[in-house]
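Enquirer: Since each chain sits alone in its own frame, please combine them into the complex, following the hints.
Residue numbers (the working numbering), protein chains in the order written: chain S, 1365 to 1626; chain X, 563 to 923.
Please note that the accuracy of each hint is not assured.
What the hints assert, rightly or not - Partial selection, computed: residues in chain S whose CB lies under 7 Å from chain X:
1. P1445
2. H1446
3. V1449
4. R1455
5. R1461
6. M1466
7. V1474
8. G1475
9. H1477
10. V1484
11. A1487
12. I1488
13. T1541
Stated by the list, open to error - Label pairs and their computed distance ranges (CB to CB):
14. X:I854 <-> S:T1499: 39 to 47 Å
15. S:G1381 <-> X:R895: 35 to 43 Å
16. X:I692 <-> S:S1480: 34 to 42 Å
17. S:E1447 <-> X:F646: 40 to 48 Å
18. X:L577 <-> S:S1480: 28 to 36 Å
Hints were generated in silico from the structure; no laboratory data involved. Owing to the predicted nature of the structure, the values given are computational and were not obtained by experimental measurement. Glycine included, every Cβ here is placed at the ideal spot set by N, Cα and C.
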Amino acid sequence: MPTSTMPAPECLLSVEGVCKRFGGLAALEDVTLSVNEGEIFGLIGPNGAGKTTLFNCMTGLYSVTSGAVRLAGEAVQNRKPHEVVKRGFARTFQNIRLFANMTALENVMVGRHVRSHATVIGAILRCRRTREEETAIRARAHELMEYVGLGHKVRALAGHLAYGEQRRLEIARALATNPKLLALDEPVAGMNPAERQQMADLFRRLREDGRTLLLIEHDVKLVMGLCDRVAVLDYGRKIAEGAPAEVRKDPAVIAAYLGGAT
Amino acid sequence: MAWLRARPRLALLLLAALLIALPFLVGAGLGRSWVRVLDFVLIYALLAIGLNIVVGYAGLLDLGYIAFYALGAYLYAWLASPHFGLHLPFWAVLPLGAALAGLFGVLLGAPTLRLRGDYLAIVTLGFGEIIRIFMNNLNAPFNLTNGPQGMNLIDPVSVGGLAFEGQRQFLGLTVTGLHLYYYLFLAFTLLAIGVAMRLQDSRIGRAWAALREDEVAAAAMGINTRNVKLLAFAMGAMFGGLAGGLFAAFQGFISPESFNLWESILVLCMIVLGGMGNIPGVILGAVLLTVIPEALRYLGDLQRATLGHVAVDPSDLRMLLFGLSLVAMMLWRPAGLWPSRQRKREFASEDEHADLYDARA
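For reference, chain X alone in the conformation it holds in the complex (with noise of 0.2 Å):
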């Protein structure tokens, strides 16, 4: 590893041959299957570094985050599928969906502004689940959204007359839409990083982590709480419209059973459990929370393999286990598995500030 480190230009190029590689890797290893679980890994960490600016960077907790995932997804519905006749190119919608969820991010995040704490999280729930309800019920008077049947035979991205599904021989290899979803969750991922990164390092981001901190002494210090706050918002939307759209081209069909609360929880689980306000942490929370549910589905046929039936459902127990890791990691690790510096200092200070008064006394 050090010698990797002493030599960063290398460690990008091999990373790079390794995103590319990957998932021939993996479904030479694993099976096609588990291709499509690396292109939710990738949604799901799109999601996550959206919802990061508005938690882990602006400190404003946010349960409902997954309406805008679902306001993206039905926007890209509404205007690429048969439902309306539409079939816009995906390179048009995506924007349009970004921008709708960025909206409502503003929408939501107006009525909120006094709010913090535990009563903004209570706020930003119900907003997550009015929008998922309208997403149920609005078959009628007029069919908008198809109800909780959903919407099906979404157009799936193309590319230049290329369309994302299907298999063809290139190279030697067999390419399926899933591959190039995959290429495609990557850009936009990789291009996500780079938008969240950058901000945290500017004016805006320090702007963030001051409101974080202390919401008083930043309105003291010149910062527009209102605009910063509202800005974080729909950033942060922006990404989960963005998602939503990448989300429906892919699955071809959603309804509103996708965009339910646990959807919420589980992009903020991944964000606490990997660093808040870190983004290779909230990768790797990503990636670890896709990851080991579909592992943990082989439980099933681990139990029919050994005692020729099914004891425990694996469904069950993977809450159970989730559950259990997540309590684990507060108490051990309570600022993520791969924090910021500074969010590790900050669980880390207690012991520190003691130290400090003994110095001093």
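Just chain S, with the same shape it has in the complex (with noise of 0.2 Å):
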């Protein structure tokens, strides 16, 4: 897949006049922005715009009060999150959401219920085509620990890695699902800079194997160096969207979010 179609960017995910309301409080109001394909977009805000409630209500965790997602063209809103991740649309959770109990391989292989078929006669029979998926299941997950620099923890619990590799498991969980589009929900938060270099290193990767990322980050220097375009939200409203360059200069943004620190 090539990774930059300069002239006519296709659009992976539209977020279209999306509400939501808890009881009186509006959380989103009218959010409109997209997604185009092979592309890193850094959604960005101070605490409570909105973010995590926008990426909860486009995978199916929340449902929207009006307005409509589309991922690839086909609508996914209200939709159940399960249905949301078959159609390739993974994402990982702010306050890390490991199985921890398990080891960080079953994590992975977890990733792969969505794109497996084994029933319940099948488990049972222990079938050919079973023993096949199985081991293609775990030949992935393998492929997926190593992928994201886990290769060495495989057998280990989930739950006793260290934080910055629990971040990195959960990429490699939702990688799992083949998404076309891959959410992370503040990915870096609480690491130091050499950590942060590296997932951005990652996420960089990840784009020229063809991904697209939609990334909510609070570190500002690390959205602006990494995304691709960025938009953003104040008080659940879009506030701004376009190049990093010139969203950092727009006087709304500034105002809400990025104080004088330009």
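Expert: Laid out in structure tokens, this is it:
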């Protein structure tokens, strides 16, 4: 897959006028944005701006009050989370949600669930197809562990991994679902500069390999250096969208988020 | 032990020989009533393996499990007793019982999909009681269950004209129905072990484990949590229904009393005590909790012999010791007597985490 089709970038994800209300509180108001195929798209905004709410609305954990979310043209809003994953949209969580008492490898193998087919009967009889599928699941999981740099930790318990490793494992688990779009919710939060750099390298590698990334991040420097385009949320509204350099100069953004930093 | 460990084939052979000879050894050493206890051990093992799928694998606390056992037993009684004049063979009735129980597993599962933990436990507990009360009262207007009197004269299992009752001589050994049932139950238990172990180590088993660990993350990783939960309920219930059918044929008589809340709790205790999620542990739990109460009956005789009268009713004593041992277990071996490696780590992890943080600090 070509990574940069400069003339007409294909739109992979489009969020169209999404509103989300919790009772009287409007968490998201008329948010519209689009993520193109093969780019790293940053979603930034101060605490409580509605970034994670938007993530949850896109991935089926929340229903939307109104509006639409389309993945490759197909509406995915108000679908069950597993249906969204099946259509190629995987995510990680802000507060890491691994299966702590399963091994690292098993966590990634769970990610293959949606791309495998063994039924109860198949599992009980262990017919050849099931065995071959299991072997393929295991092989793919090993491959992804290597990819995120955890090849030496396959047998470790997920809950016992160091913090940065857990973040990586969550990415490997999400990658196991073969996503077209990978959404990462604050993947470098709480990491030191060296770890952040490693993660940024991983994200670039993912982009080179043809993945599309949607990134929630607080670290403005990282976002500006990494993302092709960014959108800024504030109080549930989108206040800017565009190339990092432009957004950085936007007075509304400066007022709401960057403060006097620039 | 190490010598045996290095020779797994020989160990397996010895185990098989022991399992085959066991009812005769027990019968000769302890008397025939203990062969009966042995049969019950296997029925409870079957129940515990089934409940372990729901509670141990998928992490859904089910306190009404015995209802599925009751359904299997009553279906057997309906289809193989003079009550309706039907006398279908056991190989036809048992699968039907398992299927009926599986269906009810889904029926119970469907409305409880959104419930977790304590709430689920209360609803399943209610379900268990509803089934028992139905069985207790369905003797009018149409006599379905014969009410509290229960149903009797249930056909024993019969294989190729050989009914599992009475006794006959074979190779100089006295083989009774109790012995034959032992082998039948053993076959079903081994089958259940095979099925449960294969399910655990499969795509389905991983989905159950993921569900138990974190339902939201499981859904976000593409697991259809509704289907996977219903599947766990149905699979567990099927084992319960199967065990119920076997129980009805074995006893020849069933009544609602056999399916009360205590039985559900007993099976749950077997799992917790033995080691949740681990098949050998679960079976150990079933063995201990069936054998120990029987052994404690001798305390009555002991009191009569030493004191001349029974000072403490052994059945009260049984409950007391039972409670004490459970409390002791929870204090010193919370993961169970024979936990799965995973479970062991789960309970040990707090200390290890402490090390981890120290090392990083």
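Enquirer: Now tell me if each hint is right for this structure.
Expert: Verification of the supplied hints:
no.	hint	result
1	P1445	4 Å, holds
2	H1446	5 Å, holds
3	V1449	4 Å, holds
4	R1455	6 Å, holds
5	R1461	4 Å, holds
6	M1466	6 Å, holds
7	V1474	5 Å, holds
8	G1475	5 Å, holds
9	H1477	5 Å, holds
10	V1484	6 Å, holds
11	A1487	4 Å, holds
12	I1488	5 Å, holds
13	T1541	5 Å, holds
14	X:I854 <-> S:T1499: 39 to 47 Å	44 Å, holds
15	S:G1381 <-> X:R895: 35 to 43 Å	57 Å, violated
16	X:I692 <-> S:S1480: 34 to 42 Å	38 Å, holds
17	S:E1447 <-> X:F646: 40 to 48 Å	46 Å, holds
18	X:L577 <-> S:S1480: 28 to 36 Å	34 Å, holds
Of the numbered hints stated above, the single one contradicted by the structure is hint 15.
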